[in-house]
Each structure stands twice: as structure tokens, then as C-alpha cells.
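Colleague: Sequence:
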Amino acid sequence: MENETLIYGLEFQARSLAPVLADTEKIKFLIGTQSLKQICNQIHLVEFNDEESTLKTTVYHHYEGEIWKINSSPTDETKISICCNSVNDDNGCIMKTAIYKFPENTQRDNIDSVKLVNSFNSELYGSDLKTNEFHPLDQTKCVTVSESHIVYWDILESNASCISSVALEGKNNPKFTNGKWNPHQNCNQFATTVDTHIKTYDLRSSQICWHIDNAHGQLIRDIDFNLNKQYYLASCGDDAFVKVWDFRNPSQPVYSRSDHSHWVWCVRFNLFHDQLLLSASSDARVLLLSAASVSSENLLNDTTLGNSSECTEIKQMLPDGPLQWCEHEDSVYAAEWSPASPWIFASLSYDGRLLISRVKKNLKYQIML
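In UniProt numbering, the protein residues as written are 1 to 369.
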């Protein structure tokens, strides 16, 4: 049972997956569906019991349209943000975002709807929304990213109010494609991907504080910060590369691999052991990669080696490169680590198939011992 992968199938196609960040006791993931029938879309809350290898699921209605991005609040496990494609009064499609709350006392035999908490007048800042990112620490703040703007919002009231916004300008009509909070620097920085570049803004001044130009040869799809090592972030893109950067020296990556055969849509550092990376690609594979040479754990080894004359054995790090992989039958747009367990991760393919996987036992022991 140790290396068994559990499969959970959805009725509809899906591409949005998120871990429940605020619950560090139970292994939970969220899935948002993409049915073209607007009223048919759903949110699935999947709870995995690691000891028994069983799944418990709760389904909620989402009547606003197909879900392109779902995020969970890092401070409140009952709140989620959603970016969805809806049909407006003129029968045209429009992207919009909102924050919802799960209902209390859900009846197992009934499918409830999520409750609207915050609405956003996001149409003023572009029609193609990419993500709505909760502030890592402040429950009253979030940032939305559209093709043309990043907007810093106050969500204390039900109608979110704009604190500040940044319009993207430049030659050849550049576009934002994604964005994420920097968990360091007192959470004052928000990083964005712009075509093949990474641009990070200080939200106190709305000015660029650092950038990495031409980080990838083609469009960047995703970025992720290393929680355990300041200044380090991972990126991935349509050039099939996964890279790790020290943004103090952006001229070249400190780690670079091309183990996928198609676009890489998602990259994630393990929250506990940052030598482990997940990458998901439209080659239908999820890779568990070692980036031990640039991890905080490698730094600890170097410190021990330099400072301890009594040390007789230095921990052997994993070699960089692929350690394990999961095969799907369709493009994989998302892969996420569980915040409740260092050894559990989930991946979602477009055909609506969720795989919950374990890090292999031999790798686990090699990291721990």
C-alpha cells in the first residue's frame, strides 16, 4: 500500500486544483470543474486518509461558470477564491472572480452551493483574469491578476475595494500570465510572469523591485517560491524547462532541467523538504524532481561540514533530476503538495482524473535519515 496511487474521477473536465492550506492536520484538496454548461460546474473537496488509503469527498455547486483557477485561503480553511468564465446578459463570455465560503453543517445526501463572501469589480482592470491570490498573512487583503493589471484589494467588506493597481505597459502588448506572493520580505512583494519574463512589484510603492528577463525561451506558465530559502523561486514554461533562480543574481538559473516533452504548466516546492520539486506537463506526466544541490538542506550540510570538527558523517543528498513520476491519460495542468504531509501530493489531468500519490519509501528514508 505504501506506493499505491489513488484515483478519483470527476464527471466533468477540470484543470484547477488547490490544497487546503489552512488545515495542517488533514490532507485535503480542492478541484474546480470546467463544464461548458454553466450551471453544471462543481467544487469537489477531497479528503485523503493516509493510514487507511481512503477518500472522502464533498461536492458543492458552482453556478457561475467553468472554473479556471481555484485557491484556498491560507488563514481560513472555509474560504476559497475562484476565477471563472461566465456568460453575461448579452450572451457573451466574461471572466470574473469572487471569494466564497463553504456552508456549515453540510448534509451528506444534498449538494449545497458555496456562499458568496466578496465580489470584485474586476472588469475595470481587464477581462481575462488569471488568478486571485489571498495574502499569506492578512485575511483582509488579496491580489488579482488580469492580462493587463495586477490589483491589490481590501476584502474586509463584501464589495472588495481597490487599494492600488499596476497597469502593464511595454512594446508588443505584453501580458501578465500568472502571479504569486513572495512569502518573504514581510509579504510586501508580488511576483508576476509576463510572457518570458518575471517581474516582481513592491505593493507599497507599486514599483518593480526585481525582475528576471528572458527567464524562459517561451511563455512562462508558473512560478513558486521556496518557503525555506529566501531569494529562491522556481519557474516553468512552454520551453519544457523547470528552473530554479536566486533572484539576487538573475543572469542565469542555479538549477535547470528539461525532463518533460511538452509544455510545463505547474511547478511546486515541497513545503517541508525543498529539495523536492513537482512539475506537471501536457505530456501527461507529473515528475517528482530532486533539486538538492540548491536546497536549504544542502546549505545545512555545508554549514555542518564547515563548523563541526567532530562530525564523522555528512548526510548524502539525493542527486539532482527525476526521482519518480505519475502517468496520466491527458494533459496535467496542476500538481500540489499537501500542507499536512511532506510525502503526499495530488495531480489533476484535464479529463477530470485526480491522482493522489506518495513519495516512495526509499526516497523518504533517504531524505529523513
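Since the hints were made in silico from the structure, they are not lab data. Some hints here could point you the wrong way.
[To be verified] Here are the simulated BS3-like pairs of lysine-lysine, each with C-alpha atoms no more than 25 Å apart in a straight line: (1) K360 x K56; (2) K360 x K26; (3) K56 x K115.
Colleague: Against the structure shown, which of the earlier numbered hints fail to hold, in ascending order?
Modeller: none
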